[in-house]
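Asker: First to last, the sequence lines map onto chains A and B. To get the working numbering, take the position in the first sequence, counting from 1, and add 1. To get the working numbering, take the position in the second sequence, counting from 1, and add 97.
Hints should not be assumed to be uniformly reliable.
Distance condition first, Cα-Cα at most 27 angstroms in a straight line; then the derived BS3-like pairs of lysine-lysine [as the list claims (entries may be wrong)]:
#, chain 1, residue 1, chain 2, residue 2
1, A, K401, B, K212
2, B, K212, B, K159
3, B, K268, A, K409
Covered by chain A, per the in silico footprint, the following chain B stretches (three or more residues, Cβ under 8 angstroms) [stated by the list, open to error]:
#, region
4, 189-198
5, 232-242
A partial selection of chain A residues facing chain B, derived with a Cβ cut-off under 8 angstroms [unchecked claim]:
#, residue
6, D99
7, I100
8, G102
9, N217
10, E222
11, N372
12, I375
13, L383
For the record, the hints were derived by calculation from the structure and aren't laboratory data. A virtual CB, placed ideally from N, CA and C, is assigned to each residue, including glycine.
Letter by letter, the chains look like this.
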Amino acid sequence: MTELEFDDIQHIMLTGTPHLTGRYEFLSFDTPEAGRAWLAEMVPLVQSATDVRETVNVFKRWVNLAFTWNGLRALGVDENTLASFPNEFREGMASRADILGDTGAAAPEHWVGGLAGDDLHAIVILFARDEEERVRCVGEHDALLARCPGVRTLSHLDLAATAPFEYDHDHFGYRDPISQPQMKGSGEVLIPGAGGALAPGEFILGYPDEEGLVANQPTPEVLSRNGSYMAYRRLEEHVGVFRDYLKQNAEGAEGQELLAAKFMGRWRSGAPLVLAPEHDDPELGADPMRNNDFDYGTMDPHGYACPLGSHARRLNPRDTEPNPNRRRMIRRSGTYGPPLPEGVADDGVERGVGMFLICASLVRQFEFAQNVWINDSAFKDLGNEHDPICGTQDGTMDFKIPKRPIRKVHKGLPAFTTLRGGAYFFLPGLAALRYLTTLEN
Amino acid sequence: MAHNGNNDWTRPAALAIPREGYFELTRGRYGPVFPRTPACYGFNIIAKVLDGHEQAIRDYGKQLEAAVAAQPDVLAPLKLHYLRWNLFDVGSGLHFQYQGIFDTDFDKYTEDAVKLFSSTGITTAFTHLEGFPEDWKTNPEAFIMFVRDHQVPSFLEYGEYPYVTSEEVKKALRLKAAFAHMLDQMQ
Numbered sequence: 002m003t004e005l006e007f008d009d010i011q012h013i014m015l016t017g018t019p020h021l022t023g024r025y026e027f028l029s030f031d032t033p034e035a036g037r038a039w040l041a042e043m044v045p046l047v048q049s050a051t052d053v054r055e056t057v058n059v060f061k062r063w064v065n066l067a068f069t070w071n072g073l074r075a076l077g078v079d080e081n082t083l084a085s086f087p088n089e090f091r092e093g094m095a096s097r098a099d100i101l102g103d104t105g106a107a108a109p110e111h112w113v114g115g116l117a118g119d120d121l122h123a124i125v126i127l128f129a130r131d132e133e134e135r136v137r138c139v140g141e142h143d144a145l146l147a148r149c150p151g152v153r154t155l156s157h158l159d160l161a162a163t164a165p166f167e168y169d170h171d172h173f174g175y176r177d178p179i180s181q182p183q184m185k186g187s188g189e190v191l192i193p194g195a196g197g198a199l200a201p202g203e204f205i206l207g208y209p210d211e212e213g214l215v216a217n218q219p220t221p222e223v224l225s226r227n228g229s230y231m232a233y234r235r236l237e238e239h240v241g242v243f244r245d246y247l248k249q250n251a252e253g254a255e256g257q258e259l260l261a262a263k264f265m266g267r268w269r270s271g272a273p274l275v276l277a278p279e280h281d282d283p284e285l286g287a288d289p290m291r292n293n294d295f296d297y298g299t300m301d302p303h304g305y306a307c308p309l310g311s312h313a314r315r316l317n318p319r320d321t322e323p324n325p326n327r328r329r330m331i332r333r334s335g336t337y338g339p340p341l342p343e344g345v346a347d348d349g350v351e352r353g354v355g356m357f358l359i360c361a362s363l364v365r366q367f368e369f370a371q372n373v374w375i376n377d378s379a380f381k382d383l384g385n386e387h388d389p390i391c392g393t394q395d396g397t398m399d400f401k402i403p404k405r406p407i408r409k410v411h412k413g414l415p416a417f418t419t420l421r422g423g424a425y426f427f428l429p430g431l432a433a434l435r436y437l438t439t440l441e442n
Numbered sequence: 098m099a100h101n102g103n104n105d106w107t108r109p110a111a112l113a114i115p116r117e118g119y120f121e122l123t124r125g126r127y128g129p130v131f132p133r134t135p136a137c138y139g140f141n142i143i144a145k146v147l148d149g150h151e152q153a154i155r156d157y158g159k160q161l162e163a164a165v166a167a168q169p170d171v172l173a174p175l176k177l178h179y180l181r182w183n184l185f186d187v188g189s190g191l192h193f194q195y196q197g198i199f200d201t202d203f204d205k206y207t208e209d210a211v212k213l214f215s216s217t218g219i220t221t222a223f224t225h226l227e228g229f230p231e232d233w234k235t236n237p238e239a240f241i242m243f244v245r246d247h248q249v250p251s252f253l254e255y256g257e258y259p260y261v262t263s264e265e266v267k268k269a270l271r272l273k274a275a276f277a278h279m280l281d282q283m284q
């Protein structure tokens, strides 16, 4: 098997980092020279997977860089090379909104931060261990931008974890992420029920995929090798709406927790409904060797424990869909916005999750998940349903909870989240980043 | 108009479809989405057979029969009702027609279909067709484009029990069998 080149792969693909804060900064290059001058100063800050694994206790900040197709052009990448990238990446996320189901309030005309524009060229992903380090890094980057006229910030999104800090979770309180795919050759301990170790080519360009193919790679190889595609989604979470819905539609605290679990497919602790159908089991939720060890086809075929349309069952249907391992994606994310204290009415402040879905084929992996699993009312013959957590909701759709003797149908589900922006990025390997700095006009 | 989800299965329905194969352009991941009709979703691939390759395609019919007999759910990912294969020559050479009636737009499960075509050898039958990409084994996207390029949409479709999925049919038959069993127990 081809060995993974850990020392050339941006670390976000292979390792999480112990960050509590951070910033996503979205940039535009007015000239190729300005873009490359900025990039040349940024490249030394970008750590490989090897680096981060060896030094994670040394550093307090971690940086990744990625570019839109327009951004590669703005850096001076030639037309032949640009044409070798796949169609969906060339078009960009905003242009594919109808395919993704990003309609209504989620449509690109409502996106914030300049994310839908052609002048979005690059993202700097900064993860920081604490707020002091985040402020220091932002200051250094601001100083770099001052030295690089012709590189502009379109917008930024500051990240902030919320209590409890012992584990990662979103503003609704769901532990996340749990079901990360695993990769052959990554050295990770295999997690029972996680789908086994997958071929690296499912996530990283230049390696065989699950079919044994290294197909349709952009050229030249120095640019594509050890790179990947990254779908960015800024998802606002309407915490007040979510809590109000639970209160109005479930009896007592236990009933509300169960309804929240039915929407997700897991309790907020992370415990899967298939293994804990009646009551939460926080120990199970926190145990990675147990909290994925189940299937749906034999253990819960009708969805009495975990509804067929729940978020987790849609996004990782395990044994109930063909070829699920051809649809897996690596997820990295950070929460933004202040927490909404319990018992407080929605304050109108935007809060949510800024997430990255990393894969080798946006059309086969990310777009399939959006088009077929999240926003398709034909999914599992459910009819008038989208994903209750991250699907596009306009207040007219349902959510069905199978139950003996008669199922419960929640009609007119409100939107618990709204997409506020997104983009497709190419995440180059480190040699490719250096190659981009050497381009000529 | 395309199906709005409220049709009554007890009322037979016909639908005339515009030349393009759809009423309004709805983009799927690989191209236009063709509408659900009273006869469900469908795909109709027509391509010319390479000279001298007729028997090879006919022989493949027996292979697929054997594959389904050995593993009845082998084609399940395609969500099929029916599959019909024809060979015909109306004066412009021998052509192959692959007609499938199923319950999801082809675009949605394109990659699964391609993988299934390869694993069951359906792809092998396609290699006897003109214009089929020579690099299909290493270039799944080229196969996807061949299939889309040779799709011939219907201009009329009819359903005696319109818009019913194969899963609904199977559920109804399972229910009928369960009632029959229950009545047996009452004797």
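Asker: Taking the numbered hints from earlier one at a time, note which ones the structure violates and give those numbers from smallest to largest.
Answerer: 1, 4, 8, 10, 12 and 13
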